[in-house]
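S.K.: In case you want the letters, here they are:
Protein chains: 4
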Amino acid sequence: MKVGIIGAGRIGKVHAKNISMYIPEMEITMVSDPFLNDETEAYMRACGVQKFSKSARDIFDDPEIEAVLICSSTDTHAEMIMEAAKAGKHIFCEKPIAYDLQKVREAIQAADDAGVKLQVGFCRRFDHNHRAVYDAVRAGKIGEVNLVRITSRDPEPPTIAYVKSSGGIFYDMMIHDFDMARFLAGSEVTEVCAYGSVLVDKQIGEVGDVDTAAVMLKFESGAIGMIDNSRKAVYGYDQRVEVFGSAGCVQDENDIPSTAILSTADGTVYGTAYKVMWDRYTNAFVSEMKAFAQAVIHDTQPPVSGLDGLYPVLMAAAATKSLKEGRPVKIAEIC
Amino acid sequence: MKVGIIGAGRIGKVHAKNISMYIPEMEITMVSDPFLNDETEAYMRACGVQKFSKSARDIFDDPEIEAVLICSSTDTHAEMIMEAAKAGKHIFCEKPIAYDLQKVREAIQAADDAGVKLQVGFCRRFDHNHRAVYDAVRAGKIGEVNLVRITSRDPEPPTIAYVKSSGGIFYDMMIHDFDMARFLAGSEVTEVCAYGSVLVDKQIGEVGDVDTAAVMLKFESGAIGMIDNSRKAVYGYDQRVEVFGSAGCVQDENDIPSTAILSTADGTVYGTAYKVMWDRYTNAFVSEMKAFAQAVIHDTQPPVSGLDGLYPVLMAAAATKSLKEGRPVKIAEIC
Amino acid sequence: MKVGIIGAGRIGKVHAKNISMYIPEMEITMVSDPFLNDETEAYMRACGVQKFSKSARDIFDDPEIEAVLICSSTDTHAEMIMEAAKAGKHIFCEKPIAYDLQKVREAIQAADDAGVKLQVGFCRRFDHNHRAVYDAVRAGKIGEVNLVRITSRDPEPPTIAYVKSSGGIFYDMMIHDFDMARFLAGSEVTEVCAYGSVLVDKQIGEVGDVDTAAVMLKFESGAIGMIDNSRKAVYGYDQRVEVFGSAGCVQDENDIPSTAILSTADGTVYGTAYKVMWDRYTNAFVSEMKAFAQAVIHDTQPPVSGLDGLYPVLMAAAATKSLKEGRPVKIAEIC
Amino acid sequence: MKVGIIGAGRIGKVHAKNISMYIPEMEITMVSDPFLNDETEAYMRACGVQKFSKSARDIFDDPEIEAVLICSSTDTHAEMIMEAAKAGKHIFCEKPIAYDLQKVREAIQAADDAGVKLQVGFCRRFDHNHRAVYDAVRAGKIGEVNLVRITSRDPEPPTIAYVKSSGGIFYDMMIHDFDMARFLAGSEVTEVCAYGSVLVDKQIGEVGDVDTAAVMLKFESGAIGMIDNSRKAVYGYDQRVEVFGSAGCVQDENDIPSTAILSTADGTVYGTAYKVMWDRYTNAFVSEMKAFAQAVIHDTQPPVSGLDGLYPVLMAAAATKSLKEGRPVKIAEIC
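From first to last, the protein sequence lines are chains A, B, C and D.
Using my numbering, you'd call the opening residue of the first sequence number 251 and step up by one each time.
Using my numbering, you'd call the opening residue of the second sequence number 251 and step up by one each time.
Using my numbering, you'd call the opening residue of the third sequence number 251 and step up by one each time.
Using my numbering, you'd call the opening residue of the fourth sequence number 251 and step up by one each time.
Only chain A is shown next, with the shape it has when bound in the complex (with noise of 0.2 Å):
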């Protein structure tokens, strides 16, 4: 299965190692990003690439590659996944699909009509820690759910013209919770009250923008969540989540780089998490491309489709005017 990558950025560098190293199902045949310079042609060479473009038209119109990777910046991602729907190629697309919903919308329905598979990068969902949480509560462990509860905390904020740029914290940051949220829940959102504030850098405030936020969700069956964002956790990057039901209560802990214990006369001291995504997530990222292209070979329904793309963007949504009006606001409400 021949795929093309559409921006050599970060994700798409992670993405392009992990294909060459972790599945050999998948092959990459070109990348295409407009910024390309030497130091990336050359990590794309050592994952296997062998073409190189400024444009991913060339991508859309190679007839020999099946899928493409869309990592490009988030405000491409709508139009890409329509051009590549329109090129009748399968599509990864990193989140969100897009801050305007309408935009989200077209995109899934341009998929929908082009009879492409559509799967969204919500990598979180393919962490084995989390993926333990979530396969107990379907395998019925903890009864029915009534509260989750989801712990979201980056190591550092972001530089001040990111934040600008990342249509806010709960786009940028809370959105792969609301994903997390309506995996573990079972359950739709109706209904989401937002609390932020500006307790890590004045300027992520001076900029609209809140660095500390809490959230709360009402979901369709009764269970209700609760999430919270931290742009700065000195002890590094943690995500913890928690869901509790009627039969019992099911959580993980962040994963430590060794298990060693350290016992002095100044007391006992433990690994503590990861201080880079990265480190966290590693196979969560080769997981999702994994079932991407198990989906495509065996020709079946990605594991976070177009919709599952859509949901956490109403939620974001709601939360931002939430936020900005004080007071709960439901799902319906957003449009």
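Careful, some of the hints might be misleading.
You can't tell identical chains apart in this list, so a pair holds if it fits in one copy or across any two.
In silico SDA-like cross-links for lysine to any residue, where the CA-CA straight-line distance does not exceed 20 Å [said to hold, decoys possible]: (1) 540 <-> 378; (2) 267 <-> 296; (3) 353 <-> 555; (4) 482 <-> 518; (5) 391 <-> 507; (6) 482 <-> 514; (7) 304 <-> 389; (8) 391 <-> 516; (9) 367 <-> 553; (10) 391 <-> 514; (11) 482 <-> 393; (12) 482 <-> 447; (13) 391 <-> 509; (14) 540 <-> 272; (15) 301 <-> 284; (16) 267 <-> 532; (17) 267 <-> 311; (18) 301 <-> 527.
Source of the hints: derived by calculation from the structure; they are not laboratory data.
Put chains B, C and D on the given structure of chain A with help from the hints.
M.R.: Just chains B, C and D now, with coordinates in the frame of chain A:
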């Protein structure tokens, strides 16, 4: 220091036993309870009590008695405080002082006017685990507080009769967490937003209460709080707190009956949480009473003041209103 | 049940306090100690003791006293047991009964002949963690026992004066682990092989003892035991056991003062072990005394018998010989 | 750097796969195995291998090949090392070099004489957990080493046929722990005392081996080591080390497949150890090969030298003799 205990129910007995075993600086002179029976008298005698009465009046009138423990039903707390204050007795009162805010304020005023000490029975502040979290926060180990997360789940719902008269989950159960939130955050709450569901027992809904609740709090400092409650956690009494700040995060785990770990072909089983509140907070009840004795003896401010009794009731009122009206409610709206 | 305490040192005081607080079925009639002083008397009076004597004889002669607690120095234990037996008193005796095997046997015989109960103070059997391990083993949860591993490390070495008179590390410190090994394995030891080093304090070596020791045990059942001791663990009092069998493995961890976990940029710090033996085994001392009281009251076999007192002394003798002669020593060689 | 792999069994395949995925600095030119079949060739081709032979001779004769990986059966290791040395190839050899000490010494000598690098495959030194323990010890975090404890238990015993030809548990299984003990202690072993039992499978006893073994070690430094082995731990592959010293203690725990924790009315279940060696030591195999490649490329000393291959064999010989003769055996007795 001679004390009288008003109310010889479950909590009255716990305090009597603890005083007899662990608080040599206190002696229980009299116990009053309108429903005193032989069994209770025998129990109290074993705790060193000599005098009994059906009326708290006899305690107020006993010139030997320096302090009273108000362990009667919640609807009598405020009146008992006022009577005790009039009689010049120091007061330890179980939580909450009252459901009615006016009564709470009058009771606090009465104690103030009389110059007697008033400590409210928020025992969890004295739990060794929560206290270690608090100590780390106050010692500045996590820097400025950004987020407070509290989980509080009971092993079994109370009887429907109890639920009816309890004032609702926010007054009866989450009131402890409201106190804990202020205690840990070191800042007052300005707004509350509550979500609630009936997921454990339909009858709880039929009498107008919820059994699963989540609340977000805004603190003056800008920090955000999150609390979740469930009336039924099948795995035991689940009480955990987490405080996240600019320099780190501190959290606690449930106590477990033993540290034994069993690994078999079926997996690895660790100790699970206690099933009963009294087992988890055994030492907390002792420590709060010790603290009250010390405050009286050394004429210092009790560690949980009358105002500490007032604020959680304000928060419970705000949460109740928030749930009813489907919107965040400012504490300032409650009067 | 009225008891007399012989010896008012540290351990005598611990038992007195525990009886006064937790063992309502016992009453301490008299305390004897040749070096009684005002402070000790005051302490004991607060535990409800009324009568004092410089001589244990007064306790043996008191017809009211049903049982004695022998808490005097080790070299007097055997004689005290024989005197108490002659006087028809039930006996709780601190470990070890004696360093001399002949004396141990005579003391046990004396108690047997007199038909009085004799319990030896191996308190660790009553620790909640070790007991949970034991219960799992006895319940068959790990199948047949194959290996027993015991770690036992003190926070600080005793004084050199104490070391000199202690009988050596195997009699003074590892004797508890010898008892624990038999207790957990459910099989008698047939051979002991000891290694020892002086790594903590040269003076310990100069008085003929070691401060770091390791022992392997052969059990009748074919199982193998391993014990390690150190006189100095800077991180606290370290006591862990592990039993590995055909169907699994069960182990315990040290208790910790709180479950608080602090994550900062410097790492994640958990609670560390207690620094003091009395903190770790607080409840174990209560439980063993409760068990003794129950055995006397209900006329049942005490849970730690005279023979349970003998076997660890045999093992200590074998270990001492093994270390000296540089070879494994069979218990059958010791007589 | 072009390499040849001698022996295409399980471990040869693991190395081939790892080189193809993770060691870009190596390229596998040829694989030799007397029992090469189509399936193995296909597997190896997928790892980039182009040439195959039934004889290692073809590898030694290939001037392109700079280094060999000796993955053939243990009885051929020493001879292969000598042949490779003669051919001037650098050598990575699986453990142990041989059961016969004379052969081990000759092989090491041959490599030394030829000036080729020789690394022995003690992969556990490269495990991230054991390495973190080692790093803490070497960084002086626990001060002087006093005790080393190693537990090593396999999930399932090998076939009886394998046991017969394995050289016994000390050469086949505990040899890894002998290496680990030296590695962690940073001191040579001077004496070994072994206990062994047949508790897992009588047939293992019938062919002259034991399936449960414990060993004590004396180190030159005065430190003491303890190792236990079992051929069958039903809960998985159990590999833990602990080093105790004058300034603290460092230990590791088994890796677990996920951090998910499930609490139900039946208790709290954590992740259990991996069931298969290859899952636990996945990265260790990669790291040791990376280290070998680096040593060759940069002409540095490989991290596990020929002498590191010799010492564990000396210890295995001493342990075997100790078990047979029922006494501690000095390494100096082995020649």
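S.K.: Of the numbered hints stated previously, which ones are contradicted by the structure, given in increasing order?
M.R.: Numbers 7, 17, 18, in rising order.
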